[in-house]
Every structure is written in structure tokens, then in C-alpha cells.
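Protein chains in written order, with our numbering: chain A, 1 to 292; chain B, 1 to 525; chain C, 1 to 333; chain D, 1 to 327.
These aren't lab readings, by the way, just hints derived from the structure by calculation.
A few of these clues could be false.
Calculated cross-link-like contacts (lysine-lysine; reagent style DSBU-like; alpha-carbon spacing at most 35 angstroms) [as the list claims (entries may be wrong)]:
| hint | chain 1 | residue 1 | chain 2 | residue 2 |
| --- | --- | --- | --- | --- |
| 1 | B | Lys-390 | B | Lys-414 |
| 2 | B | Lys-38 | B | Lys-272 |
| 3 | A | Lys-165 | D | Lys-97 |
| 4 | B | Lys-340 | B | Lys-274 |
| 5 | B | Lys-468 | B | Lys-390 |
| 6 | D | Lys-92 | A | Lys-165 |
For reference, the chains in residue letters:
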Amino acid sequence: MKLLGRIARDRVALAGLLVLAVIVLAAIFAPVLATYPQDVTTYHTAQRLLPPSAAHWFGTNQMGGDIYSRLLFGARITLMTAVIAVAVSVLIGVPIGLVGGYWPGFVGDGLMRVSDVFLAVPQIVLAMAIAATLGPQIQNVILALSLTYWPFWARLVYAETRNAKNEIYVEAAIALGVPPWRVMVLHILPAIAPSLIIRTSIGLGGTILTASALGFLGLGPPPPSPEWGRMIADARAFLPGAWWNAAAPGIAILVLVMAFNLIGDGLRDVLDPKLRGQARAVAAPAEDEAGD
Amino acid sequence: MTSESESRLVLGRRELALGAATLSVAAATPALAAGTGKFITANNNSYDTLDPHVVFDIGRIASRLNLYDALVRWTDDPPKLNMWLAEKVDISPDALTYTFTLKDAKFHDGTPITAEDVVYSMERILALKKGAYGLFSSVVKPGTTKALNPKTVQFRLTSPYAVFMAVLPEMWVVNSKMVRAHEHNGDWGAGWLARHEAGSGSFRLTHYDPAVGFAADRYAAHFMGWGPKYLDSIEFRGILEVASRVLGLEKGEFDALDGYTPYDQIKRLRGKPKVKILTEPSLRTMYFIIHNRRPPLDDVNMRRALCYAFDYNGFINNLLDGSVVRNAGIIPDPMWGAPKDLQGYTYDLDKAKAALAKVKGPMRTLTINALGGYPQSGQAAELLQSGLAKIGVKATIQSQPWPVVAARLGDEQKSADLIPLWRSAYFADPHNWTGYIYNSKQIGRGNLSFFSNKRFDELTDKALVLVKQADRQPLYEEASRILVDEAAGLFIYNTNYYGAFNDRVQGVRYCPIADAQDMRWQWLA
Amino acid sequence: MRLLGLIARRLVWVPATLIGLVVLVFVISHVVPNDPARIIAGENATTAQLAALRHQYGFDLPLPEQLLRYIIQVARGDMGVSLYTQTPVAGEIWRRLPATMELAVYAMAVAVLLGVPLGVAAALRRNSWFDHTLRVLTVSGLAIAAFWLAILLQLLFAMWLNLTPVQGRVSDFGPSGITGFYTIDAALAGDWSTELDVLRHLALPVMTLAFPAMATIVRFTRAGVIGTLGSFFVDYQRAMGVPWRVTVWRYVLRSALTGTLTQIGLVFGNLLAGAVVVEAVFDWPGLGQFAVNSILQSDYNAILGFTIYVGVMFIVVNLLIDVGQVLLDPRGR
Amino acid sequence: MPPDSQNPTLAVESLVTHFPIRNSFGIRTGWLRALDGVTLDVAPGEVLGVVGESGCGKSTFGKTLCGIHRASGGRIVFQGEDATHAGSAQAKRLRRKLQYCYQDPSASLDPNWTIGRSLAEPLVIHTRLSAAERMARVHAALEDVGLAREHLSLYPHEISGGQQRRVGLARILMLQPSLVVLDEPTAGLDLSVQARVLRLLMDLRERHALSYIFISHDLSVVRLICRRVAVMYLGRVVEIGPAEAVFGAPSHPYTAALLSALPVVGGERISERFRLEGEPPSPGRLPGGCRFRQRCPRAGPACAQQEPELTPGGEGHAVACHFPLAS
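With the sequences and hints as input, model every part of the structure.
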């Protein structure tokens, strides 16, 4: 809560936080907020491709579905995919990075070689291969993203753990006879937590981009699920006529990812221990990899 | 035995002879002839191979049609079968021996086309077992095709086959000398021919890049001669995105689009300057393949429930804006053999529920395999899914590119429950829509629905050995009724062809079997 | 010596990483086996044909043996043939490689040439309206979906403004030349109308790819310059009376560039990832499109071949960057 | 032989700690011989000073004793038990009694933990005391080092340098050790603070019957509080003996050189930067024979032939030199 307060002092981060809150609430209350909540699975073929109007705020799509309503339900898919995928990849990657960094010799090298293999091709390619093999289902998309995203966390935590292990207080703890798991969990993990939190925020944004790209390429959750990437792909066949079809989900992705990135930026200024006490403008160039 | 009488026997019409007559575009006076430049077609399929004997679909027909010739060729709408490389054909009274006499014609490299080349081409199809193989395999055995002399070739069928002439346009004649020279480990030159051309067609290949498409220059010495105006060169590009194709046409980057442009785009293009739309009745029915063997779809009531749960009106009149016409059966209504009074299914959820109630086996979630890149296929899938949901049947949609769907189609285990797609006119005969795709002998090949019905088999088998259309027609009509009664498939509509062209394009001769991609007739104003 | 050591140490791991990659992708693509024999045979194949094909291609062997055979085959430089087109995968990839590389190189060039000066300018005018505008721009650059941006640019520049073509790499089949980079081949041939045509085709995909890359570079450069400006070293320069402009251009920029260089590997990786979707939108006949198609069609050999190539490319690029860093940074030499 | 050798708290025999040297290929090309055969004893209650230039192996010695570094050879016998290759259970028990006090206690405290939590941690690891009992012990230790209880809820960066040292000492005391390795306990402190810390150390020694190994490069401090002194050079003990003997009449030329750099009272303070002729050779590339010979004014041909052994010279004074200075 103290953290929230500190972020809130940064105006840009606050904006991100507010936008995120709005989208999360919209996703939660989608059935209430949607003007045509049944339009995710039912169609009104007579009302297809209508431009935005009072009845259909963002217009209708090629099946006659209300885009505004579908967008709200799509937010659920997008948020759920990103949150679960990032959480799983963190849960896999962080312990691997910790163990690898703590025992940097044979064990660490081995683990890092494995993660190197995953990092040797763009994440989206591996994710596509996995999603395509397992079939376009939401759980497969999440699995594909998790399986390809953990190496990033493993790498990050590995490097940070190796640094932290050089800290005298960690050596002191080890000398004191503190068992390894306790050193990792109670000393090292809290030390690297700030950078993990920052990366998580930015990683959520990146994962949304990757997930929507999978959807765009037809590897996302199957129709009629209103996944944003798929909505854009479906809309393409009706461009440039029915432009609203592609505009709404595109903007939704932009806004949501931007919110995560802004929060990440704000968190960096607040959390990064290396920056404490320094001028905000000197913000360290934390890799802004949107799609890592 | 005269060629005329026999051919009339086979085709049951005079069309063959008439077609040949209309097509006698004798070499025009050279003084008037004029090249009119380059013509670019944006196609929805990519040309990943040029080998004419490994693919057999309308989407990629342009490379075969323009680079190669066959003994006979379909043209125009309604389709007419014309003598092409063949001067004439003699058909024995038992309808087992077909003897063709060849015209004087030369391949692009100048070698004359001989009976030997025809024999080689047929043997090649039978050996590669791809493309149109399934059309010939049941009646033509390897080694039975003979070159009687350089100008005469003879086919010996194992049994009467009423559609033999109708499918012969898919037997493209390749330059046997050239292909033999590039054979490698007995591959019949497959490796080489995928990337090169060894034909005699109206155009000769100049560029080919599987990632882009192919381009060809006019072959001035083509044996059919040329009209007063023609194209100097043609180019076909595989462009997977509808939007890109349409925008390109609007901007004048392309001169024509494939025949699968969604009607929404056609509507939009209608108002555009420099664009013209050609509308022709077509022979392409849209339907859902239903897996007739997998429970609960093996129960006719289940299949009927499906057919009652599809919103035909919403699909045809709203989603497609009335651009197509309801077709109750699988045979396109303009085709003979389609019963004119056929009562199909209507969107009727009560009847659907009633049928569903009679289903004995346990219910499960059905799988619909839509074709990626074809918006209509996906829309039909979503509409059926939505209808099914209303009668309490769950369905999931998997959208995949055609090659992936195709690779699973014949596999009883892996094929999806329902696949919304089209049945194009590969040859203009009711067999194309009935026996070939529903006869139980074709299971695992043409019959992708795993449908088997004794009466249907009898009818379609008999229709293949009869020669007169009048005799065959009632058989096909009854067969068609059986398919509807059994709900062997979910039949939706027969399409119209909407060709989008640059308004400079002239001389288009549309044919349902070739769309408008036979480029020898066209020119630019 | 240290440099050679660095290179050698990295190269030692290349085969291991690549074999790991092959195993990984092999396992992924074989988890749920689509029947590759069916893909080759087409829809009309009979059971006997399928069995023959399976035997011919070794699909009937146990998976580990198939894998081993594949690795040995690749080690001999043979990537196998595409299941769909029956043509060698390696040839297909080589044909497409220049298209993607040309795209990536131009995008990178645009990103660096615009990104570095903008980043420096933003740092020098910290908290000005310019800085703020740029911040908004860079944040959105990293938040925009590449495929959506591509469609947007297509509509704007190709449709409404009619400035560029909608798709493709060139109007015709492209200049023939040794490099496969159309811009270079056309220039070498002196074919300026083709050159112009190629550049017009390049514009939109390059813009799409360069935008997020540029955003990354701007942010790093800005942070790097601000960091350097705050260092004692710069204070010293000022105290010594070195003109401000000289300090900025000669010292600050150099150190900022070193920092940016470390990002180029990252940016390059993102460019390749971006190419996968951007090529799909622009029908760009490159590796990205190849990857999407092969994956969508479960063309195992093509997917494996592509992964190996991209893996090698990544490793080489990262190595070059490490070498560059060692060369630029006197401490590391 | 040193005094009290019958029953020493700690007996170290030929202790060796080598670190691998890797080239840029990651292949080991040699060994960095940080500790190269150290033999010495520490009697109960004794304060043994270990002096030498930076990099001579003093800290490695201390850390090897406490198990922070793994010994490559030799033996460490602590209170009659072999602590060299102690298995985990034995190591855990021994570590309670053998504690290492870091040069910079602020760095040795987790910045994310409160002082109280850091102090209680050793008890959590090594004892089964209840939370209340642990608190009581923490309070006792705090009192011992003269800190107020208010400090318990503070973070390390919120207290002063001197207080940090006290916290460091308190943490050492938590487990009631018998031998403490003090690594540069006064480095970086003001003179007045230094004096207070030293007084505290002496105090604690008496109160808890501690032995110290006092590692320092500050000869004057060592002379002040140590009864016995070991001089280390490049991983070896070159001279060891009673402080008066070593400082009063050094036998090893190196000790003499060290002492000559010691400023007279009122003069310049000794700093780490004091210099002999030339630089010490790298511990990774030692010369053959005596490792001091390249810098030694008395080096003769014998010195290049053979490395001198530590030879007792009476009264517990021993020296490793072929040509020791006459006392």
C-alpha cells in the first residue's frame, strides 16, 4: 500500500494505474457493462457491419455482433492470458534462475544453456509452433506463452542472483550456516524483487502483444471468442470499408499495454534500489523490451 | 465408328463438336494482332509448386491452364468441353477404348508434341499418385496407355467411365524428353518440375518465386493461334490477404482478383472507378462436410438436427447480401442431375430439437474445422455454432489453412466433425458432386464424409457406366435426394462468380472450371 | 587475445545450443503428430501409399531415431525437403533470407539514425515539451501491436494518400543480382526506376518495424546521455573549460553509443520477431512469412530449418555485438 | 612451538586454499594459491594478530577457517574436532563456536532486514529457541555491545558506522562462540570510534571467554592488543611469535620492511598504500624458491633454490627465512 502511494505520486504512472483499473473493472463487470452481452456467441446477421452509433457505440462486426460488448469480454481473455502466462513463467523461471545463480557452476551453466536454447529464436516463433501443434485453444496459448517466456525470467534472476551472491551479507548468511533455500528465499529474492516487479509489469504488456499476435495469426483462442488479435484479423477482410471493426481492438491493445508500461516505468523510479535518492530523470535504462 | 457419334454418346450432347467449332480461332491476320501489355492477377492461393500433376484445385489452376495444354479443355459458362491438343477422339462401342488423334503442336522448346508425351504424362500421374490421380486411378492402369503412332494415342479403360472425357482436361501434357532429362532417383522429374515448366501452353514461364508467384510471356507459336488482341505477358501473384488484394486492385496494382473475393468487398468495389465486376452463374456449392461415421453423427437424426440449426437466410441474405442462391442439394441447380423440386432444410429450431430428441447415443462437443483465410467459411462455422448452441449442442471451431485441413480430410480418425467448404466444378458432370464425393468406394479418397449408402452407391455406380445423359439424369436426381434425406452434408448455396477486374480488361471468358484465369482470351484496352 | 577467447568460448556452445534447439522444436512439432505422410501424399492418398511414404521418409521409425537421423542429416548440411512443396528447405530459406535481412537492416538503420539523435536531443532538453512528446511517442511505440500498426500505415499511406504500394517487395519480380538485397542489386544494375519502386515497397514495412525499435533506442540513448551528463567526468571537462558542444559530441555521445550498442542485439531480436507478423501483413516474401506458413501448415522440416537458421543468426549477431562492445570499450580490450 | 600447544582452541596444519585461474576459454590454466601451507595454533582466550599487505591471504585465511572458502588441503582442528571437511551436521555445530566478523558489518547485514531480524537469524538457524527466548537473547546481546533496543526495528542504513559494527558484534555473540575471526575490525573508523570498538572487543573477550584471530594491516593496532602475531606474505606465514619479539626484533626481512614503514609517533599514519621495493608478485605466478626473494635485499642463491620452512627460534618465535636477521 505504501508502494501504491509512492507510485501514485508519479503522475504518468498514476495515469497507467487508473487506465488499468478501468480496464480490469470493465473486464470483471463485462456482463453488466456490455450493451449486448449475448453478442459474444449469438449473432444478428441483419445488423452486420454497422458503423458506430448510439445503439452500437463501436459499431458491429461482420457477424452482426456488437463490437463494444465483444471488446469488454475480450478484455477478460486478454487479461487472463497475460496474467496466467506471466505468473506461470515467473513461477518456472525464477526458481530456475535462483538455483542456477546460487550454484553457478555445473548446475547454473546447465540451466542457463537450456534457457539459451529457448532464447535463440524469437519468442513468438516458438510460441506459434507450440500453439499450432497443440491446437488453437486458450489454454494452449497460455501454455505456449509460459513455456517460451520462462527463460527470460530465468536469465534475469540468474544474473541478479549472481550479483546478489557477491553481496557480503549473503556470504555472511551462508557463513552463518543459513541453508541455501533460506538464503535464496529470504535474502536473495527480496533483493531482486524490485526489478522482478518492474519487469512483471512490462512483461505483462509484452505478453499481451505476443498473445494478440498469436490471435491475429489465427493461433489464438478459437472463434467466436472475442480475442482482440483475432478481432483485428477478422476485420481485415472488411477493410477499408468497416474500419471501426479493426480500430476498436487495436486501440484497446495499445491502451492496455501502454498502461502496463507506464506502471512499469513508475515502479522503476520508485523501486529500483540503485536509483533511490537519485533524480528521477536518471532513470536507469531498464530494457524496454516490449516483446521479450 | 465415327468420332462424332461416339463423342455424342459419351457426352450425351453435341457440345463437344460445337465447342470445337466455336473455338476455331484460326490464327488472326498478323497485321491486326496487337499485344496489349502485362496483366497481373492477385490470387488467394500461393503457387508453391508448378508441377501440373501434383495439384488439382481451382485456386491454383492458373499455372496449369496457362503453361500447359491437355487433350481437351473446358471453356465458357455453362462449361463446354472442347478439343484442344486432340484433333478428334474415337470411342469404342463398349466405351472402354479412347483413341485420340493429336494436332500439330509444339512445346515451348520447339519439340513437337507426340503421343509419347501423352503416354508419359498419364503414366506420370499414375506414378506420382497426386493431384488428379484419383480421377483416373480407378479406370486407367499403368502401362495400358499406348502411343499407336506419333500422332495417335489410345487409352484402355478397365471399366466404362462416363466422365472420362470430362476429367481429361486435368491430364496436362508435359514435354517428356525434357522431364526425363531431369529425373532424379525415379522421381519422374518431380523435384525439377516443381520449379520449372515443360509445357506447350499459351504462355511460357519467365519468372517463378514460390513466395511471390509466377510470370509468363505469350507463346506466339501456340497451336491454337491467337486472336486479334492478346496479352504480352501475365503474372499471377499469391497474396493471402483479402484486403491487400482488394486495395491493390483499387489502386491499379493488379488487373484482376481471384474468384473468391468476399461479397462485402465486391459491393464496395462496385462503386470504385477503374474497377469492373463480372457476374456469372457458377457451379460451386457451399456445404459442410459431415463426418457420417463418428458418433453421434452416424445417427441420421443428429445430422438432420444440424441441418435444421443453420440459419440459411441469415447467411445468404444478410452475411452474403443475397449474392448467392440457396441450393438445397449438393449438385448446383443449373447443372443437370439436380432435382428441380428438391426440398431442402430450413432454419427451424423446433424441428432441430425434435430431431435431436431422437438421437440415441451420448452427446459431445462437435468440432468444426473452418478454412483459415476464407472469411465465409469461418462465418458459416460461427453461424452453425450459434445455431447449435440454441438447441443445446456445443461446438468448437478450429480455423486452419486449407493444406492442414486437407491433409486430415481423408483420415477417419483425425478429420473434424464438420468442415464448411465448397465443392467446385472440377469437371462439369453431376458425378463431380455425387459419386466422386459420396460413393462409399471413394472413402478415404474423394468421399471425405465417410458416407455410405447402398442405394446411393448403386445409383452412382450405374450412372458411371451409362452413356446417355437422359439415362443418367434420373439416377443422379435420386442420388441427390438421398443425400438430402440422409443429411449426408449440410448443403447451403450455389455461388455466383464475382470477378473483380480493372476496367481495361477485355475479352474475359469465364468458365466455372477455370474461373477467369485462362488468359489466352483476354487483353487490355 | 581476449577477443579471440570470447569468440571461441561462444562458438564452443553454438553446436550444443543448436542441437538443443533442434531437439526442442522437434519435440514441439511431434507432440501431437499430424501425419506428415498425409501432408506429402495429399488428400487422395490410399492407405498403402501412406504406408509406403511413411517408410520412405522414415516416419515409421521411433521418434528418437528420427531425431537422431535428422540431426545427422543437418550436420551434413541437409535440411531436408518441405513436406508441401517437396523442395529443399535450405534453398527456400536462402531465397527468402535477403528479403528479411533487407527489411531488418533498413529498419535498424532508420531506428538508429532517428533514435540516437532524438534520444540525445531529449536528454539535452530534459523535461521540455519536446522531451515529453517524445516520451509519449516512445511509450506508444512499445505498446502498439505491430500488425495493427502495419494495417494502419497501409490504410493511411497506401490507400488514402496513395504514396506507397499496398504489399509486396517489388512490382515486378525484382532485379536479379548477387546480393538478393533489391536496393543494392537495382543500384548495381543502374536500374533507377526499379530502385525507386523497391524503396517505395520498403517504406511501410520498414516504418512498422522501425517504430518500436526506435522507441527502444531513444529511451536508452536518452537515459545513457543523462547518466553521462551527470558524471564527474563531465563536470571535470566543464571545469577544464572544454566547450560544452565538444563535450557533448565527442564524449557524451560516444559513451551513449556504447550503451546503445548493447541494445542492438535486443532490438535485432525484436525486429526478427516483428518481421514474423509484419511480413504476414505486407505479404513480404521473407523468412517471417515462411515461418508463419510452415507453422500453420505443420511443415516440420521447414519449421526446423527455419529455427536453425534464425538460431544461428541470433548467435552470430549477439557475438558481433559482444565483439563490438569489447572494441568500443577500452576497459574491455 | 607456540605456547599452550597441548590444548589449543584451534590448530591449523599446512592449510591450503587454492582458487582456479581460468583463461578466456573458461579452461583452468593454473591455481591462485591464496593460502599456501599455513600452520599455527590459537590458545584459549588468546588474541592472535594476523598482519600483512593487502592480498597476502589474511582474509582468505579467516574465511577458510570459518568454512566460507573450502580448504584445498591441510587440516583445521577446532576444539579437538576436525573442521576441515566437516559434514553438514558437524559443520553446523562447529560454526556456532567459530564465527567470522566481517570487515564491513553494514554490508554483511541484509539491507532489507531490520536489525532485530538479522540478530535473531543465527538463533533461528542453529537453535530451537522460541521467539520469546530468541528475543531475550537478542536483548542480552544488544546490551553487551551497548546498543539500545530501539535499534531493533531500524534498517542497517539507518544507523551509524560505529553502531553497525556493534550490531555486527552482537550478531557474532548470538551463538556464544569461542573463537571469533575479526577481519579488519577497525578499518574505516574514526580514531575515537576505533578506540571504543577496541575497548568493546576486549571487554567482550573477557566476559564471554573468547579467543580472537585479529586480522589487520594496521600494525599499531595489532601491537596494542595482540599477545602473539603472525606475519603473512603471499599465502604463507613468514614469521610468527610473541608480539614483543616480532615487533621488537623481527627476524624476517619482510617483517622488518613492514615495520620500517611504520611511522613514528606523531608522524604519518600507516595506510594500506605503504610500499616495499617493487610490487609483490601475483599469487598466481609465484617465483620458485622463496616467494619474497625478488623484493628481498638479503636474497642469495639459496633463496632461489628452496623455499624456506618456518623454523622455530625459541620462545615461540618462528621464522621462514634462509638468512634471518640476527636478533
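>> Please list, smallest to largest, the hint numbers that this structure does not respect.
In response: Hints 4, 5 contradicted; others consistent.
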